[in-house]
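Student: Following the hints, put chains B and C in place on chain A, whose structure we already have.
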Amino acid sequence: MGRYVLKRAGIGLLQALGITIVVFFVIRALPADPVARLVGFNSSPEVYKQAQASLGLDASIWSQFVTYMSGLFRGDLGVSWVTGSPILEEIRSALPITLQLITLSFALALLVSVPVGIATAKRPGGKLDKGVFGYGLFAGAQPEFWWGLLFIFFFYYSWGLAPAPLGQYAPGLDPPPQITGMSLVDSLITGNFTAFIDAAWHLWLPVMTLAFIVSGPIIKMTRQSMSRVLGSEFILYQQASGLPSGQIARSTIRASLPPVLTLAGILFGFLLGGAVLIEQVFAFNGLGSYSVRAVLNLDYPAIQGTVLIITVVSLVVYLVLDLLLAVIDPRVKN
Amino acid sequence: MTIPQAPPVEGEHPLENLANEKLKTKRWFHDPLLVVGIVIVGVAIFLAAFGEAIAPYDPTVPVGPPSVPPSGQYWFGTDTSGLDVFSRVISAPRIDVTLAVSAALLSGIFGTLIGLMAGFYRGVFSSLVMRISDVLQAFPVFILAMVLVALSGRNLTNLIFALTFLYTPIFIRLTRAEVLTQRERSYVEAARAAGNSDFKIALKHVLPNSLTPSLIQLSVTVGFGILLTAGLSFVGAGVRPPNPEWGLMIANSAPQLVLGEWWTSLFPGIAVSLTVVGFAALSNAIERRVATS
Amino acid sequence: MTSTILKTTGLNVVYPTPTGQFKAVNDVDLELRSGEIVGLIGESGSGKTSLALGLLALARHPGKVSGHIDFQGRDLLSLDNDELREIRGRSIGLITQKPRQSLNPFQNVGTQIGRVYRAHVKASKSEANDHAIELLENVGINDAPRRIRAYPHELSGGMAQRALISMALSAQPELLVADEPTSGLDVTIQAQFLDRMWQRAEETGTAVLLVTQDLGIVANYCDRVLVIENGKLVEDAPTRDFFANPRDAYSKRVLALAGERAVADTADAGVSTAEPLLRIENLRKTFKLDDGKILSAVSDVSLTVMQGQSLGLVGESGSGKTTVGRLILRLLDADEGSIWFRDTELTSMKTRAFRDFRSKIQVVFQDPFDSLNPRWSVEKAISEPIDLHMKMSKDEKRLRITELLGQVGLPESIRTVKPAGLSAGQQQRVCLARALSTNPDFLVLDEPTSALPPVARVEMIALLKDLRERLGLSFIFISHDLSTVRELCQDVAVMYLSQIVEMGPTSKVFAHPEHPYTQALLDSVLFHDPLSRRVDREHRGALVGEIPSPVDLPKGCYLAGRCPFAEEKCRQEPQLLEFTEPGHLVRCWKAVGGVLNVVDTEA
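So the sequences go chain by chain: A, B and C. Following the numbering used here, the residues of the first sequence are numbered contiguously, the last one being 365. Following the numbering used here, the residues of the second sequence are numbered contiguously, the last one being 300. Following the numbering used here, the residues of the third sequence are numbered contiguously, the last one being 613.
Just chain A, with the same shape it has in the complex (with noise of 0.2 Å):
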C-alpha cells in the first residue's frame, strides 16, 4: 500500500511539472503580448525594450526558463507583473478563499444529494425517481453564473434574505486577521462570532449556487451506482445467507462508493473551474478572481503561478480519492 502511495505520488509530481513547463512554453509561444499590454500599443521602441527587459522577456525563452525553474525550486514563483508583489503570498491568500468555497459546497451538496439518490434507488421506476431524473439532469446543464445572478436577485433583491453580493465580508466590517485565510475558520478561531456570522451569511447564497450544480450528477451517480450495487449477485447471497440487514446496508453502501468518488474527482475539477465564475458574481477574492485578473492583464508568472498551484492542489485530491479508492476496493491493486 505504500509502494503505491508513493507510486502515484512520485507520478502526480512528474505530472505537475510536466504541465508548468509546457504552460510556460505554450504561453509565450501565443501570439498575445504582455509588453504591449503594459505600456500601450503606441509607444515608442525604447520604451518598449525598456518595458520588455524588465519582464525579463529580453532573454532568450531557455535562459527564461532556466530563470524560472531555478526559482521555482527555491520556492519562488516569481512576482507579479501588475502588482509587483510576489506570487506565492498573491496565492497564498487567494487560495484559501476558494477552497472554502469549493468544500462547503460540496459538502452540502453531498449531504442533500447521496440520501436521494440512494431512497430513489430502493425504489426505482417510480415518481420520486422520475423527478429526480430530471432534476438530475436539469442541475447538472445550468450555467452557474447566471443562477448566482437569479439567486442574487430574488434572495437578495426581492426577499432580503441574503446580503449584497460585495465579497466575503460587509465591506464595513473589520475582518479577523488572515490565520488560514478561510473566513468561516479565522473568525471562529480567533473568537469573533459578528465576523463568523458575517462570514456565513455572505457565504451561504454562493455555496448554494454551486452546490446546487454539482448536486445533479451526484445524485444521478449514487442512485444509478446503488441500484446496480442492490441488484448484485453478491448482495442477494448475503441476504440468502441470512446476514443481518445492518451489514448488508453496509455492504451495499460500501460497494456503491467507488463510481461515486470517481466522480467527485472529475467534480472537484469542475468546482475549480466554476468556483471562478461565481467568485466573479458574489466578489469573493479567491483563486478564480486571481487567475481572471492574471489571464485579462497577460501577467504571465501570475499566470504560471496558478496553473502550477491549481496542478498541485488538483493532484492531491485525486491522489487522496484514489487512495480512499484503493483502501475500499481490494480489486484496484492490480
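There's no promise every hint is true.
Dumping the calculated DSS-like pairs for lysine-lysine here, alpha-carbon to alpha-carbon at most 25 Å [claimed, not checked]: (1) Lys401(C) / Lys390(C); (2) Lys407(C) / Lys390(C); (3) Lys207(B) / Lys390(C); (4) Lys407(C) / Lys207(B); (5) Lys161(A) / Lys33(C); (6) Lys298(C) / Lys565(C); (7) Lys207(B) / Lys33(C); (8) Lys370(C) / Lys211(B); (9) Lys33(C) / Lys158(A); (10) Lys158(A) / Lys565(C); (11) Lys38(A) / Lys303(C); (12) Lys132(C) / Lys33(C); (13) Lys579(C) / Lys565(C); (14) Lys33(C) / Lys17(C); (15) Lys360(C) / Lys370(C); (16) Lys207(B) / Lys298(C); (17) Lys298(C) / Lys211(B); (18) Lys404(C) / Lys211(B); (19) Lys370(C) / Lys475(C); (20) Lys132(C) / Lys108(C); (21) Lys390(C) / Lys360(C); (22) Lys298(C) / Lys38(A); (23) Lys390(C) / Lys428(C); (24) Lys207(B) / Lys428(C); (25) Lys211(B) / Lys428(C); (26) Lys242(C) / Lys74(C); (27) Lys262(C) / Lys242(C); (28) Lys108(C) / Lys74(C); (29) Lys33(C) / Lys74(C); (30) Lys262(C) / Lys475(C); (31) Lys153(A) / Lys33(C); (32) Lys303(C) / Lys565(C); (33) Lys211(B) / Lys407(C); (34) Lys153(A) / Lys74(C); (35) Lys262(C) / Lys207(B); (36) Lys17(C) / Lys207(B); (37) Lys211(B) / Lys360(C); (38) Lys211(B) / Lys401(C); (39) Lys74(C) / Lys161(A).
Think of the hints as simulated: they come from the structure by calculation, not from any bench.
Tutor: The following block gives chains B and C in isolation, referenced to the frame of chain A:
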C-alpha cells in the same frame, strides 16, 4: 465535464435490460426525453443557421431607448445600450451553437481516432497518450480555456481550437476504453483468422463497434461547449462584444440586475439553460436506447 | 421415512418494470421431501432461478415474492425479516451459479465465511476465523490459513465454489437450493461436487433442489424432475418415469435427440491410406506471468491429422487444448516446434504470406454471438473471407452464399439478419458457413458446441457429421465434452496441463483408457441413463483436489499430486509417451508396463 456511467456490477440482474429492451422498441415519439431533446436541439440548430436572419432587429446596433422592459415592440425588452434583447438572444446561437458543435465534432473525430490507435496498438504510444490525457484531465478545464483563448486572441477560430483541444481527451478516453473491450472479443479473432491485416481489423471491425460511447458523448459535449463559451464570455475571456452571445449578455446585464432590470439577464440565461438541457436530454435518451447491457 | 420439508402453494415472483408487471414465476405448487434430490430444468429465461430464490422468500431487487411457502410448519412469507434471517443460511442453504460473483468483492474470503457463521452461531471473531480455516481444509484447499485472506477475484471458479458449498453445508441445512452449481466447472471437478452433495443428502436427509440444464446431471443425481416453462411448472415426475415418458414438448425434444446420441456409434476409424494433412511436431508455448513465473501452455505436443479424418482434442482447464488450436491458426506464435500442412511449414511463413494461406485453414469459435460482428448481417459476415481471398463477381458470390446457407441448413431469408436476431444455434451455423466459404482443407473447431443449448448442440453435431462426409472435411475438434468427441472424432488426444497424456483411435481410448487421467475423465461423464447412475457405481480412480494451473510444473508426472496410483518414481521421472498397443500412446510408465493398479507398498 463528462459524467461517467456507474460500471456494471458483476452478476447484474438482466431485468434492467428487460426495461431497456422495452424502451428500445417504444416508438420514439412516446419517449418524452427524446422528444424534448430533439425539439430543443432542432430549434438551436435552426436558430444557429437562421436566427440572425429572422431577428426583428439588428442585434449589434442600438435600435431603441435603453432599458425598456418587455413590450409589444421589444418582446424581451432592450438593454442599457438600447439593443433589442430578443434579437440578440435568437442570434446568439450562430456563435454559441456553431462553436460548440464544431468543437464537439472536431474533438470527437480526433479523440476517436487517437483513442482507436491508443487502444488497438498497445505499447509506448498508448501509454504516452494516456499519460498526456491524464495530465490534461487533471486540470480544471475552465482555467485552461481562459488561458488558451485570452492568449491566442479572442476570435472564433481560436475558441474552437481551444475547446477542441480541451475536449479531445474525453473522446480519447472513451474510445480507448471501448476499443480495449472490443479487441478481446472473438469476432476480432475471427477476423484475424479470416485473413484480415491489423489495419483492416481496426477499421472494419473495431472502430465501428467502438463508436457508441463517443456518439453519446457528442451531444453532451456540445452542451458543455455552450456553457464554457458562455462562461468565458462572462468573465471577458471569450467572445468579444458587440457580438450577440448569451454569456456576454448576462455579463453586461449583471450590474443592472440589482437595480431591478431583470429581462436582460433572464432571457439569455433561460436560453442557455434550456439549450444545454436539450443537448443533455438528447444524449441521455440516445444512451438509454442504445444501452446493450 | 421421508417427510415434507417445504411445500409451496401458488408461488409467484413478480418484477415491476416501467412497462408493467413481469411474472417470472407463475402460480407454482411444489413439494420437497427430506433426503430427496429434485432436479429443476428449463430453458434460459424460464424462471428457474427466480423460483429457486423464491423458495427462500427472496427475489432479486426489485422483485416481490407472494403466495405460500410452508417450511417446517411456518409460512415463510408471513415471517418478518429477523425470523427469515435465522432461517436463511442456516435451515435453508443456497448455492449460486456464479460463485465468484456471489462473494463480496470488497472483503476477503475468511471474513465473509466468518460473518455468515457468526450470523447464526454465537462465536467470537477468532472462533469464526478458525471455523473458516477448517471449512476450507475440509474441501481440500491446501494452505487454508493463507488462503482465507484472499479476495474473491484472486480465487479460481472451482475454489470459490468449494468455499461456498462448504459454507452452505456446514450449517447443516434441512434444505439446499443449488442453482446450476457446476456450470463453468471442469468435468472432473463437477463430478466431485455433485458426489459430495449427493453424499450429504444421503447422510443427513437434507432435501436438495438442483437447478440445471444438463440432463446428465438429472439422470445421475436426481430422484425427481420438475420442468419449468415461462414461469409455470409443466412436469413433476420421478426421474425414471420422466426419462422413459416425458410429457411436455421441450423435454420430449431434448430427450429424443439425446437418446439418439446415446445409441450412436463411435465414429469409425476409417481407412488410413490417406496422407497426413496436418502434422504438428514438438510444439511448445509458454507465457510469462506478471510475477515472473512461467506458464506452460503447450509442452512438446506432436500429433497428426490425416486427410478426411477428425481428431478430438480433449482436456479441462489449463490443458492447453485451446492454445494448440490458436497455434495452428497462428493467432499465437509458438516458442518451438513446427506445424506442417501438407508440405508447407507454417511457423516459418512470413505474416503476409500466411494471411493468404489462411483460406485453407479456417476456424469456428466457442461463443457464436461473440464471434460475429454485431453490426454485420449474415451475408456480410459470410462474404468476408470470400472477399479477402477469392475473386468473385457479385452474382457468383451471391450463389456461393446461397450454397453455403444450404449446406449449414439456414434459410435464404436469414441473409439480412444481424446476429442479435438469431438464436445461438443459428449464429453458430453462420460461423460455420463463414468458415467454409473459402473451401478450406482443414477446420479448427474450438468447442463449437459448448455454448449452445442442448437442442442446438445436438443439431450442430449432426451437421458436422454430415458435412464431414459430404465435403470430405478434415478437422480438429477441441472440446471437454467426451460424448461429443466420441461421436464425432475418429481419433482423440487427451491433454492435461500442457501435455498429451493419451492418444489414439477414439474407439480404443474410450473403451480401454489407460492413463489415470483419461480414466477419471471418462468416469466423470454423465450419461442420460437413470438406470445406470454414477452414484450407484464404484469409482476407483477418482482424482483428488483441484486442477492446478500449469505454472511451476514438477519434473515428474504432472498428475502425481492427484493420482491415486502415484508413487515415488512417478514424481521423480518425467513421463514419456509410449505405445501400449499399435496406435495407442500413453504417458504413464505404470500404464505402459501394465502395473497401474499395483501400488508399490515398499517404495
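Student: All the hints need checking, so say for each whether the structure fits it.
Tutor: Here is what the structure says about each hint:
| no. | hint | result |
| --- | --- | --- |
| 1 | Lys401(C) / Lys390(C) | holds (16 Å) |
| 2 | Lys407(C) / Lys390(C) | holds (11 Å) |
| 3 | Lys207(B) / Lys390(C) | holds (15 Å) |
| 4 | Lys407(C) / Lys207(B) | holds (21 Å) |
| 5 | Lys161(A) / Lys33(C) | holds (23 Å) |
| 6 | Lys298(C) / Lys565(C) | holds (19 Å) |
| 7 | Lys207(B) / Lys33(C) | violated (46 Å) |
| 8 | Lys370(C) / Lys211(B) | holds (22 Å) |
| 9 | Lys33(C) / Lys158(A) | holds (22 Å) |
| 10 | Lys158(A) / Lys565(C) | violated (67 Å) |
| 11 | Lys38(A) / Lys303(C) | holds (24 Å) |
| 12 | Lys132(C) / Lys33(C) | violated (39 Å) |
| 13 | Lys579(C) / Lys565(C) | holds (11 Å) |
| 14 | Lys33(C) / Lys17(C) | holds (20 Å) |
| 15 | Lys360(C) / Lys370(C) | holds (16 Å) |
| 16 | Lys207(B) / Lys298(C) | violated (29 Å) |
| 17 | Lys298(C) / Lys211(B) | violated (31 Å) |
| 18 | Lys404(C) / Lys211(B) | holds (20 Å) |
| 19 | Lys370(C) / Lys475(C) | holds (20 Å) |
| 20 | Lys132(C) / Lys108(C) | violated (29 Å) |
| 21 | Lys390(C) / Lys360(C) | violated (28 Å) |
| 22 | Lys298(C) / Lys38(A) | holds (24 Å) |
| 23 | Lys390(C) / Lys428(C) | holds (10 Å) |
| 24 | Lys207(B) / Lys428(C) | holds (21 Å) |
| 25 | Lys211(B) / Lys428(C) | holds (16 Å) |
| 26 | Lys242(C) / Lys74(C) | holds (17 Å) |
| 27 | Lys262(C) / Lys242(C) | holds (17 Å) |
| 28 | Lys108(C) / Lys74(C) | holds (22 Å) |
| 29 | Lys33(C) / Lys74(C) | holds (10 Å) |
| 30 | Lys262(C) / Lys475(C) | holds (23 Å) |
| 31 | Lys153(A) / Lys33(C) | holds (20 Å) |
| 32 | Lys303(C) / Lys565(C) | holds (16 Å) |
| 33 | Lys211(B) / Lys407(C) | holds (20 Å) |
| 34 | Lys153(A) / Lys74(C) | holds (13 Å) |
| 35 | Lys262(C) / Lys207(B) | violated (47 Å) |
| 36 | Lys17(C) / Lys207(B) | violated (60 Å) |
| 37 | Lys211(B) / Lys360(C) | holds (23 Å) |
| 38 | Lys211(B) / Lys401(C) | holds (19 Å) |
| 39 | Lys74(C) / Lys161(A) | holds (21 Å) |
Violated hints for the displayed structure, listed by number in ascending order: 7, 10, 12, 16, 17, 20, 21, 35, 36.
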